[in-house]
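Peer 1: From first to last, the protein sequence lines are chains V and X.
Those letters in the first sequence? Residues 1 to 290, by the numbering used here.
Those letters in the second sequence? Residues 291 to 615, by the numbering used here.
A hint or two may mislead.
[What the hints assert, rightly or not] Mimicking SDA-like on lysine to any residue, the simulated pairs with C-alpha atoms at most 25 Å apart in a straight line are:
(1) V:LYS89 x X:ILE580
(2) V:LYS89 x X:ARG594
(3) X:LYS500 x X:ILE378
(4) X:LYS500 x X:ARG472
(5) V:LYS176 x X:ARG396
(6) V:LYS89 x X:ARG400
(7) X:LYS500 x V:HIS190
(8) V:LYS89 x X:ASP482
(9) V:LYS176 x X:ARG400
(10) V:LYS89 x V:SER163
(11) V:LYS89 x X:ARG396
(12) V:LYS89 x X:ILE599
(13) V:LYS89 x V:LEU183
(14) X:LYS500 x V:LYS179
(15) V:LYS179 x X:GLY401
(16) V:LYS89 x X:LEU592
(17) X:LYS500 x V:LEU279
(18) V:LYS179 x V:HIS190
(19) V:LYS89 x X:ALA475
(20) V:LYS179 x V:GLY156
(21) V:LYS89 x X:MET590
(22) V:LYS179 x V:ALA155
(23) V:LYS176 x V:ASP166
(24) V:LYS89 x X:ILE378
(25) V:LYS89 x X:LEU596
(26) V:LYS89 x X:ARG472
(27) V:LYS89 x X:LEU587
(28) V:LYS89 x X:SER598
(29) V:LYS89 x X:LEU490
(30) V:LYS179 x V:GLY88
(31) X:LYS500 x V:ARG94
(32) X:LYS500 x X:ALA475
(33) X:LYS500 x X:ARG396
(34) X:LYS500 x X:LEU490
(35) V:LYS89 x X:PHE591
(36) V:LYS179 x V:GLY168
(37) V:LYS176 x X:ARG594
(38) V:LYS176 x V:HIS36
If you are wondering where the hints come from, they were derived from the structure by calculation, not from laboratory data.
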Amino acid sequence: MVDPVILIPSLINGLTTGALYALVALGLTLIYGVLHIINFAHGALLMLALFGVFFLNQIFGIDPYWALLIVPPAMFVIGYGLQRGIIGKASHGRDENILLVTLGLSIIIENMSLYFFRSDTRTVDTPYSFEVVEFAGAFLPLPKVIAFFGALITAGLLWAFMSRTDLGRAIRALAKERKGARLVGINVDHVFAMSFGIGIACLGVAACLLMPSYYVNPQVGYGFVLIAFTTVVLGGMGSFVGAMIGGLIIGVVEAMGGLFLGDSLGQFGIFAIFILILLFRPTGLLGHKA
Amino acid sequence: MINRNQLLTLLIVFAIIGTAPFWIARESTLNTVILILYVALLGQAWNILGGYGGQFSFGHAAFFGTGAYSVAVLQLQYGINPWIGLFIGGLLAMGVALFIGFASFRYGLRGSYFALVTLAFAEVLRILSNSVSFTGGGVGILIPLSRDPANMQFANNVGYFWLIWALCLACFLTVWWLGRSRFGAWLQAVRDNEDAARALGVDVFATKMKAAALSGFFSGLAGVFYAQFYLYLDPAIAYGSAVSIESLLVPIIGGMGTLFGPLIGAAVTHLLAETTRHFVGDVPGIALAIYGLLLILVVMFLPRGLISIFGRIGGLFGSRRAADA
């Protein structure tokens, strides 16, 4: 039996990691819910945002948390441009085509980063990087605690935005009924691009919260993209609450898998869940789409 | 008629490629030809399921890696000759393909969901091969050097050339047969409209399973070739995403669901990579970034792949209507 003295800290640790997974997945689920796009480039764009936070810190000495004012808006612009310029024009009626285009984007982004930034793994040192908070017997790095609450606050803000603002309502209208939305005068292309931009901006937030306790290299996105898919699929494609809960579950599963099966098999549980859900609840995952 | 011309074209193309060892003196140039054939085999294997069947796998590494690990483990641990390992590897890869196919097609998984589940299966195999001992774990497997054709190892790369040439030809002939057989017609009917095909009496599930089996078998052979050519394997090489991505890039860029698409895709991507290397130097990432760009451009502007540029010649090459283009 595993001692609760080890179990509880690793549970809490899993929850804090899970909140970040949830944050990455929020953008993915928003993009899926509105545009029905499975964005394969999600991980690569997260990596780009992480490099953004890193270089702002290295060159201008900007603290990762202050980068929240710069990186998410920049990511929004990138997302808006990608949707308007490339992704929106690529479907030819098949959803695999969009998947291929986002795959192409991720290959380009990852390999150009490899070319420009080399494959070195880099971290940002902040005065608070090694501070610890004690909670229920677990010693948690302060940045992870901040990231946990940051993720919850971001999810709350996103929810408020979707339910309280005109644009949020337009996005939800489009997600529900494309033709009807067009009929009542919603500028579909603009709202699609806004949704994609907001989804990518979430990655900017995730990057700022992640950087003080994590690292960046050109390959870092790949692991995240699979976890983000799993999170979104687990929570139900297009559902915000689902993404939050899914993220927390994945974080805990990973921590528990690591604890019981060892580190190298820790992620095994994630993919097992992913496969089982894809196989046995595919209709549930598609949400309102038959 | 077109089919007979196609077979003739196929045989002529392979005959011409077969002259390569006689006039290519430089080892590195012949290596390029070998790699193009190897990637064409990988791409053609994907093309059976993805191009002709419309089932976009993002996890062909699952089959490739199984073939590669089979031949390596069988000769290292059980002393089984690689020539026998070649077939066992192919069959085991076929078994993996049937398992994944059964799990996915049984529940009618389609489109992007099939892509994601295949990707996840390949990841599971990667994690497992990293953790169990008989694959050598993360350290990998080094196949001992014994340059003897009886061990499927050759003194120079001419031997490897003939091996991959023969494997590739076998795969291309199979796909040629696919283009003219009733089974191939069913497969394309399933791709173009699954529900209509079912209504006309096609056993959709069985058709997809057979395509998965063939596709897995040839991917496994590509894996065996890789293992014998490089004599080294680890989980990231065998089950990593790079193989999965390469095997779908090549037929999509060349032309999905066509006999010659994978060969054109393999030649173009590799020659482009070589040219880039010539101008930029051996810089990591650049060649792959170009693959990505090519993929986007093809999907956006040439949904039938580069083969469609050939226009009228395309008819001779058997360019087929891509699903929705």
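Peer 1: If a hint holds in the structure, say so; if it does not, say that too.
Peer 2: Now for the hints, and whether the structure bears them out:
Simply put, LYS89 of chain V and ILE580 of chain X have alpha-carbon atoms about 20 Å apart, close enough for the 25 Å limit, and the pair holds. Among the hinted pairs, LYS89 of chain V with ARG594 of chain X is consistent with the structure: their alpha-carbon atoms are about 16 Å apart, no more than 25 Å. Only pairs whose Cα atoms come within 25 Å are accepted, and LYS500 of chain X paired with ILE378 of chain X is accepted, the gap being roughly 18 Å. A threshold of 25 Å between alpha carbons decides the hint, and for LYS500 of chain X with ARG472 of chain X the separation of about 13 Å falls inside it, so the pair holds.
Restraint check: the Cα-Cα separation between LYS176 of chain V and ARG396 of chain X comes to about 29 Å, which exceeds 25 Å; the hinted pair is violated. The suggested pairing of LYS89 of chain V with ARG400 of chain X holds, with an alpha-carbon distance near 22 Å, which does not exceed 25 Å. As the CA atoms of LYS500 of chain X and HIS190 of chain V are separated by approximately 44 Å, the hinted pair breaks the 25 Å bound. The suggested pairing of LYS89 of chain V with ASP482 of chain X holds, with an alpha-carbon distance near 22 Å, which does not exceed 25 Å.
Proximity of LYS176 of chain V to ARG400 of chain X is assessed by CA-CA distance (about 22 Å); at most 25 Å being required, the pair is judged to hold. This hinted pair does not check out: LYS89 of chain V and SER163 of chain V have alpha carbons roughly 29 Å apart, beyond 25 Å. Restraint check for LYS89 of chain V and ARG396 of chain X: the C-alpha separation of about 33 Å exceeds 25 Å, so the hint is violated. For the given pair, LYS89 of chain V sits about 21 Å from ILE599 of chain X by alpha-carbon distance, which is consistent with the 25 Å threshold.
Among the hinted pairs, LYS89 of chain V with LEU183 of chain V is consistent with the structure: their alpha-carbon atoms are about 21 Å apart, no more than 25 Å. Between LYS500 of chain X and LYS179 of chain V the alpha-carbon distance is near 40 Å, which puts this suggested pair outside the 25 Å criterion. Simply put, LYS179 of chain V and GLY401 of chain X have alpha-carbon atoms about 23 Å apart, close enough for the 25 Å limit, and the pair holds. For the hint linking LYS89 of chain V to LEU592 of chain X, the alpha-carbon distance of about 13 Å falls within 25 Å, and the restraint holds.
Our distance criterion of 25 Å between C-alpha atoms is met by LYS500 of chain X and LEU279 of chain V, whose separation comes to about 20 Å. Of the supplied pair hints, the one linking LYS179 of chain V and HIS190 of chain V holds, its CA atoms being roughly 15 Å apart against a limit of 25 Å. Under the criterion of a C-alpha separation no larger than 25 Å, the hint pairing LYS89 of chain V with ALA475 of chain X is inconsistent with the structure, at around 31 Å. Only pairs whose Cα atoms come within 25 Å are accepted, and LYS179 of chain V paired with GLY156 of chain V is rejected, the gap being roughly 29 Å.
For the given pair, LYS89 of chain V sits about 7 Å from MET590 of chain X by alpha-carbon distance, which is consistent with the 25 Å threshold. Using a Cα cut-off of 25 Å, the hinted pair LYS179 of chain V and ALA155 of chain V is violated, with the two alpha carbons roughly 28 Å apart. Straight-line distance between C-alpha atoms of LYS176 of chain V and ASP166 of chain V comes to about 15 Å, which keeps the hinted pair within the 25 Å bound. A threshold of 25 Å between alpha carbons decides the hint, and for LYS89 of chain V with ILE378 of chain X the separation of about 45 Å lies outside it, so the pair is violated.
Simply put, LYS89 of chain V and LEU596 of chain X have alpha-carbon atoms about 19 Å apart, close enough for the 25 Å limit, and the pair holds. A C-alpha spacing of about 36 Å is found between LYS89 of chain V and ARG472 of chain X, which places the hinted pair above 25 Å, so the restraint is violated. Annotation: proposed proximity of LYS89 of chain V to LEU587 of chain X holds, straight-line Cα distance about 11 Å (limit 25 Å). Distance hint between LYS89 of chain V and SER598 of chain X is fulfilled; the C-alpha atoms sit about 20 Å from each other, no more than 25 Å.
With a C-alpha separation of about 34 Å, the suggested pair LYS89 of chain V and LEU490 of chain X falls outside the 25 Å cut-off, and the hint is violated. In summary, the hint linking LYS179 of chain V to GLY88 of chain V is supported, as the alpha carbons are separated by about 17 Å, within the 25 Å threshold. A hinted pair counts as satisfied when its Cα atoms are at most 25 Å apart, and LYS500 of chain X with ARG94 of chain V qualifies at roughly 24 Å. Of the pairs offered as hints, the one joining LYS500 of chain X and ALA475 of chain X holds, with about 13 Å between alpha carbons and a cut-off of 25 Å not exceeded.
With a C-alpha separation of about 13 Å, the suggested pairing of LYS500 of chain X with ARG396 of chain X holds against the 25 Å cut-off. Restraint check for LYS500 of chain X and LEU490 of chain X: the C-alpha separation of about 19 Å stays at or below 25 Å, so the hint holds. Proximity of LYS89 of chain V to PHE591 of chain X is assessed by CA-CA distance (about 10 Å); at most 25 Å being required, the pair is judged to hold. Proposed proximity of LYS179 of chain V and GLY168 of chain V is supported: the alpha carbons are some 17 Å apart, at most 25 Å.
Proximity of LYS176 of chain V to ARG594 of chain X is assessed by CA-CA distance (about 32 Å); at most 25 Å being required, the pair is judged violated. Restraint check for LYS176 of chain V and HIS36 of chain V: satisfied, since their Cα atoms lie roughly 11 Å apart, inside the 25 Å limit.
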